[in-house]
Structure formats: structure tokens, C-alpha cells
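K.L.:
What follows is the residue order along each chain.
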Amino acid sequence: MKYVDEYRDGKLAKEIAQQIRKEANPSREYHLMEFCGGHTHAIFRYGIPDLLPDNVKMIHGPGCPVCVLPINRLDAAIELAVTHGVILCSYGDMLRVPGSRRRSLLKAKADGADVRMVYSCADALKIAQDNPDREVVFFAIGFETTTPPTALVIRQAKKLAVKNFSVFCNHVLTPAAISNILESPEVRELGVLPLDGFIGPAHVSTVIGAQPYYYFAEEYQKPVVIAGFEPLDVLQAIRMLIRQLNEGRAEVENEFSRAVTYQGNNKAKQMVADTFELRRAFEWRGLGLVPYSALRIKSEYAEWDAEKRFTIDYKSARENKACECGAILRGVKSPKDCSLFGDPCTPENPLGSCMVSSEGACAAYYSYGRYQERSIKNDADTIATDASQ
Amino acid sequence: MCLAIPVRVEEIVSDEKALANIGGVRKEIDVTLIEDLEVGDYVILHVGYALNKIDPEEAEKTLQLFAELDEVSKQQALDAICV
Ligand code: SF4
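First to last, the sequence lines map onto chains A and B. My numbering puts the first sequence at residues 1 to 389. My numbering puts the second sequence at residues 1 to 83.
For reference, chain A alone in the conformation it holds in the complex (with noise of 0.2 Å):
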């Protein structure tokens, strides 16, 4: 595929490695955040750690959408299909993440509720238009990628009058999660979560462009570079990242140019600004309330708001006590600090968010193994240096 194969060529990964390694300063540590979940995906799935020097670190931050919704939005959703009846509609991995009780859309759906798994948000208007007698909602998450065809589907509703459909927005915001985590006490006090730049995501800047994350870099003089989501991409990132710490620059930098501009897409951004409005605060899953982090429909589209046309409660919800996706999330422990990883949590059996969608950590972790692997080496290493001397 054109504009895939060539950022996985093998033969190149190895030698911008090679390259990374000679650069980074073997006296200190770079512990580099990828903000995005599909760049945790991308990087255990090339087994980029196991290229990268001991000194080296990345810490996966918060931006898997279905591991950031609290619990009591998914609670929610879960209610609006069981007792208000609806066809819920949601994007696949929203289907299989544990709500309060282990209950899941899934297991909802099992038991006799209507829920559908969507790969568009136009299909669940196109079911709202097939299915007139009843109400169909669309349960939406999401950061900025998917923000912007929510609102063209809430748009088109209102424009055709489809009065059987509405949206459950949960949609999120990446810039105000970046705040939040370098606002943490974990960051700025305890400093128990050394942070010295960050990977900014790929597909999410194509909306937003670059200009955002100018504020990180000059505020908390942290580098950031944009990256895409091939292995190149992230490699060549972290190489660029080493570089303008070794230099001491925090700049923005932009290494997927050829998707992200300064500016972003700016008829998406207008679209997404016609249609919603921030939200004072908004609960995420790891991170607590964050203000101004998320959207809600204006109320010009009152009408197709499933907030306002459903009275939905929202109970406070116990998490799985010994799940560790909250700390994960914030970027302080990793799966493997989990008791409960890979037995009994699974993918197949997911017991917290993070373990559900590929782009969730645990997930990652669980199926490319390469921690283990990495551990294996590590261990093969000490002794190829044990026995040399």
C-alpha cells in the first residue's frame, strides 16, 4: 500500500536505531511519551523497545479513546439500550469494554438489548432512517478524528429531519489531557513520572494541525514531535526528540508533514466548532475530571442531543479495585505492574479498558509480548556480558 510500505522498510528501522543509538548520551536518560494509542500499537507491535538503548524509555500516555471513558458514561449507555430500549450503536471495541459489574454492551446485547457495532456513524443514521419506529442513538467516542464526521452526522440528521436518531457525545480533547498530565502532581512535584518530550499524535493532528501543541513546548519546555503511525515514523520521532534534548530545544516538530500542517483541517475544525461546545469538565478514566477536555452537542441540535432526549442517570461506578489502567493511563506504572495481567485479563477477557482495544497498553503488551521478549534479551545480554569477562 502507497504511503505504508515504504515507512516499514526493516533495513532502514535498523540503521535510524543505529543512528539513535549513537546519539543519545549514554550518561542520561530520555523518557519519552507517546501520547497516542496508535503509536503504543506501533510500537510494540515493530517491536521498537527492542531497538531502542536501555536509556531510552517511552511511557504510553492516555490517548485510547475506549480506555478513557469513565465508567459511568459507558453505565450509561449501557442503560439507554437496556431500559430506554434504543438501538445503541457504537464503534466495535466500545462493544466489549467492562462497565460497572463486569456488565458490557456485549453482554447487554446477549441478554436481549439492541446494540450494534457501527464501522461509520453514518450507518447508525442510515439504521435510524431504516428503522423510523424506534429511537436509535449513537454512542460516540472519540478523540479529534472522529469528532468531525459526529458532526457531520448530526448535521445531516437535522438537515434530512430524522427525528429518530440522536448522539451520546463523549468526545474528548487531546491538547487538554496533554495539560493535564504535565500539571500532574506526579509530573510537576513528586516528579515520580520523568517526562522530558512527547510523541504528538498522527492522525488526530491532521484535524488539529500543529499549532497546538506550541503552547507545551514553550510553557513547559518540553519537545514535541508529530509522527505517523509507521514504525519510520515513530523511530525517526524519537531520533528527533533525542536531538533537541541533547541540544536543549523544546520545539514543535513535525516529522508527518506529509498529513499535518500548521494549520490542520480547517473546514473539519469549522464543523466540529458549529456543532459543539466545550464542557466545563469531563471525568477520564486515569485522570480524574480535566477541565474543558471535552464536547457536548450545541444546542441548536438540541433535538438529536441524547442527553437532553434521555433522562440518563449517571451513578457513581466502582472500577475493578485492582485494575491498574487509571495509573497507566497517567503514564506512572505499566501492564506488567498489573497482578491481574495476562491472568486472568486478556483480551479475550478483558477486566479493564486498557486490555480491550489494540490501541489500549495491556492490549499491546499482551499481544506482541514484547516485554517478555525484551526481558529474555536483557537476560541473554547480561550473560553474553557475563561470560566475555
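Honestly, the hints are just simulated from the structure, not real lab data. Ideal Cβ positions, reconstructed from N, Cα and C, are used throughout, including at glycine.
In silico BS3-like pairs for lysine-lysine, Cα to Cα no more than 30 Å straight-line:
1) K27/B with K163/A
2) K22/A with K61/B
3) K163/A with K17/B
4) K17/B with K2/A
5) K159/A with K17/B
6) K17/B with K267/A
7) K269/A with K308/A
8) K109/A with K315/A
9) K126/A with K27/B
10) K2/A with K27/B
11) K333/A with K14/A
12) K269/A with K61/B
13) K126/A with K17/B
14) K158/A with K27/B
15) K2/A with K61/B
16) K57/A with K61/B
17) K27/B with K269/A
18) K267/A with K27/B
19) K27/B with K159/A
20) K321/A with K107/A
21) K308/A with K163/A
22) K17/B with K298/A
23) K17/B with K269/A
24) K11/A with K61/B
25) K163/A with K269/A
26) K267/A with K61/B
Here are some chain B residues pointing at chain A (derived, C-beta under 8 Å):
27) P6
28) E35
29) H46
30) D55
Since the structure of chain A is provided, determine the placement of chain B with the ligand on it from the hints.
P.N.:
Below, chain B with the ligand without anything else, positioned relative to chain A:
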């Protein structure tokens, strides 16, 4: 979920719809968010919607950065041997 792929636009149907080649199959995609779209353009497709165009020149430049690096490291390897 954030999976998005580059696809080639094969035919423009309207301001909102186009046909794209997705893994050898022609499919209808929504292109409402894209301005000045032309047949032959590559777009990043996400949940059925094109999010942005891919700039072929920038793509080439990025590849060259990798390739240049290739040259540099080759040169360094050569230097190392010669020393
Ligand atoms: S392994 Fe499962 S239970 Fe543990 S943190 Fe990950 S998702 Fe939660």
C-alpha cells in the same frame, strides 16, 4: 479504533462522496471535509470519512530524510573501516 489508512481517490461523485480504492476494492467514502479534491489524490480515511489529503512532496521529503540517513551511516561505516 484510531485506525486510519491512506487511500487513493478514483472518482469524485459529489462534494460529499467519492470512490476510493481500498485494498483493491472500490468503495464510497465521505469527502465533505476535504477541499480541492482531485482524482488521484491520496486521503487519510478514518471511519468512512476522509480526514486530510496526503502531500506527495512532503511524503517524498520525509522518505529522503530516512534515505539520507542511510547515506550518512554508510559513509560512517566506510570511514570506520578506512581508519
Ligand atoms: S491487565 Fe487488565 S486489569 Fe490489569 S490494568 Fe490492564 S486492563 Fe486493568
